[in-house]
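Enquirer: This is what each chain is made of:
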Amino acid sequence: MAKLIFSRIGWFLFLMLLQIFIFNHIHIAGVATAFAYIYLLLILPNQTPKSLYVLTGFAMGLIVDVFNNTPGVSAAATTLVGLAVPYMFQLLRDKDEDDDAIVTPGAHSLGWAGFTYLALTCSLLQCLVFFIVENFSFSTPLVLLIEIAGSTAFTLAVILLFEWVRHSAHR
Amino acid sequence: MKAFLDFLVRFHHFFLFLLLEAVSLLLLFRFNSFQGSVWFTAANGVAASVNRMYGDAVAYTKLQDVNKQLTANNVLLSKENELLREQIASATADTTQTFRLMQDRLRDARLIAATVVSNSTQKEDNYLVIDRGEADGIRPEMGVVGGNGVVGIVYLTSPHYSLVVPIINQKSTISCRVRGTRYFGSLTWEKGNVRRAFVDDIPRYASVQKGSVIETSGYSSIFPPGLFVGRVSGVRNSPDGQSYRLDILLGTNFANIRDVFVISNSYKAEIDTLQLRAYTAQDE
Chain L
1 MAKLIFSRIG WFLFLMLLQI FIFNHIHIAG VATAFAYIYL LLILPNQTPK
51 SLYVLTGFAM GLIVDVFNNT PGVSAAATTL VGLAVPYMFQ LLRDKDEDDD
101 AIVTPGAHSL GWAGFTYLAL TCSLLQCLVF FIVENFSFST PLVLLIEIAG
151 STAFTLAVIL LFEWVRHSAH R
Chain A
1 MKAFLDFLVR FHHFFLFLLL EAVSLLLLFR FNSFQGSVWF TAANGVAASV
51 NRMYGDAVAY TKLQDVNKQL TANNVLLSKE NELLREQIAS ATADTTQTFR
101 LMQDRLRDAR LIAATVVSNS TQKEDNYLVI DRGEADGIRP EMGVVGGNGV
151 VGIVYLTSPH YSLVVPIINQ KSTISCRVRG TRYFGSLTWE KGNVRRAFVD
201 DIPRYASVQK GSVIETSGYS SIFPPGLFVG RVSGVRNSPD GQSYRLDILL
251 GTNFANIRDV FVISNSYKAE IDTLQLRAYT AQDE
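Chains as they are written, first to last, in my numbering: chain L, 1 to 171; chain A, 1 to 284.
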């Protein structure tokens, strides 16, 4: 358990640094940005209190915002993702599993299809809120749509890459 | 109460979520100038529309008082309107369509405004006296027009007054024609009705309609052509039976004439000189 906690704190630092120094500066075609840090919310164990999910989401969003000079934008988006993840994980996992067992969402517990579904939903949620709040106008709906779609795809790709690496190492 | 507390504890993460979202939005609007401006503009729009609804409601309750005020105002204004209407009617009684057309025709001529100071309508030979004379540039043989048509011709001048022979003088003859045709005759008057004159010497083959306009012919240098004189009110045979005599309803009402204009024709001298030279040439 302690190992798991330290592991997640390590992931937290790693993902934050990665996001701040690398992904925040990559804008494919000026529209697609990866929000790779939400990967942490996907791999928190099932015993994590829901309020900790929300708090973690807010904290990560706020840190990214501070370095990105967009106070409140990522925080608003990732807090929502933090609220959504535990519910979605409950929906996706097998009903007959033991509730007390410590399970982390991932390809090994949900299967690749289930995890991809979870990651896609979270990425979409993140990008939807982020870009709507950032643009704060629907005057250019096409641009907004392209930004959301592109960023969702990019984020999903990066998350699946992380998961693939982690899954491989796990085995 | 316990159920409520249970509810709070069970969903405390949701309230935490709401709190953190609120903090996020606060940060968003506080530190992002674009989103902040949009938010405050939108908020102001909302506040304005709420205020307008409130204002509308309050105004509705005051409608009765407003209605009373409006009625009072209406009465006041319609009284004032009547008064002003009267004033306008008295001030512009002479400014008619005829006068405007006449002004149009006389655009090139110099007009000297004058006021009738003495008038007669009951005699055979009526005269008008106007308060402008030689000092104002008036000379004998100048035409005089009023707001409703031709008035007469200046006969004698003193330094500050002039005597005018109006149409309603048996000695007056003015060359006139029927508007739209070339038929012309001389306008004469007989004692009696001051609104009625005659045009003689209209050929029998001329088809003159009742209501046709009689205007100056311009054959004399006194009046430019086309000035309104009156309308044909009847067509009958002349005393000698050779031509038509037209009954004319005069445009000018000599019973109440007051403001007139003297036409100072700058070419009159030239025309007279030409005619004089023609006569002298014939004599030689």
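I should point out that these hints are in silico values taken from the structure, not numbers from a laboratory.
A few of these clues could be false.
Some but not every residue of chain L turned toward chain A, in silico, with C-beta under 10 Å [unchecked claim]:
id, residue
1, P45
2, Y53
3, F58
4, A77
5, A101
6, G111
7, G114
8, E134
Here are some, though not all, of the chain A residues that point toward chain L, as calculated from beta-carbon distances under 8 Å [to be verified]:
id, residue
9, H12
10, L16
11, L28
12, N32
13, D136
All C-beta atoms, glycine included, are put in the ideal place defined by N, C-alpha and C.
Enquirer: If a hint holds in the structure, say so; if it doesn't, say that too.
Expert: Now the hints, each set against the structure:
The interface hint given for P45 of chain L is broken, as the beta carbon of that residue sits about 16 Å from the closest beta carbon of chain A, more than 10 Å. Below 10 Å, beta-carbon pairs count as interface contacts, and Y53 of chain L has one with chain A at about 7 Å; its hint therefore holds. For F58 of chain L, the interface hint holds, the least distance from its beta-carbon to any beta-carbon of chain A being 4 Å, beneath 10 Å. For the restraint placing A77 of chain L at the interface with chain A, the shortest Cβ-Cβ distance is roughly 8 Å, inside the 10 Å limit, so the hint holds.
Of the supplied interface hints, the one on A101 of chain L is violated, with its beta-carbon coming no nearer than about 21 Å to a beta-carbon of chain A, more than 10 Å. Evaluation of the G111 of chain L hint against chain A yields a violated restraint, the C-beta minimum of about 27 Å exceeding 10 Å. For the restraint placing G114 of chain L at the interface with chain A, the shortest Cβ-Cβ distance is roughly 23 Å, beyond the 10 Å limit, so the hint is violated. Taking 10 Å as the C-beta cut-off, the interface hint given for E134 of chain L holds, the closest approach to chain A being about 8 Å.
Of the supplied interface hints, the one on H12 of chain A holds, with its beta-carbon coming within about 6 Å of a beta-carbon of chain L, less than 8 Å. The beta carbon of L16 of chain A comes within 5 Å of a beta carbon in chain L, closer than 8 Å, and the hint placing it at the interface holds. Using the Cβ-Cβ criterion of 8 Å, the hint placing L28 of chain A at the interface with chain L is satisfied: the shortest such distance is roughly 3 Å. A distance limit of 8 Å between C-beta atoms decides the matter here; for N32 of chain A the minimum to chain L is near 7 Å, and the interface restraint holds.
Look at D136 of chain A: its Cβ only gets to about 74 Å from chain L, farther than 8 Å, so that hint breaks.
Consistency note: the structure conflicts with the earlier hints numbered 1, 5, 6, 7 and 13.
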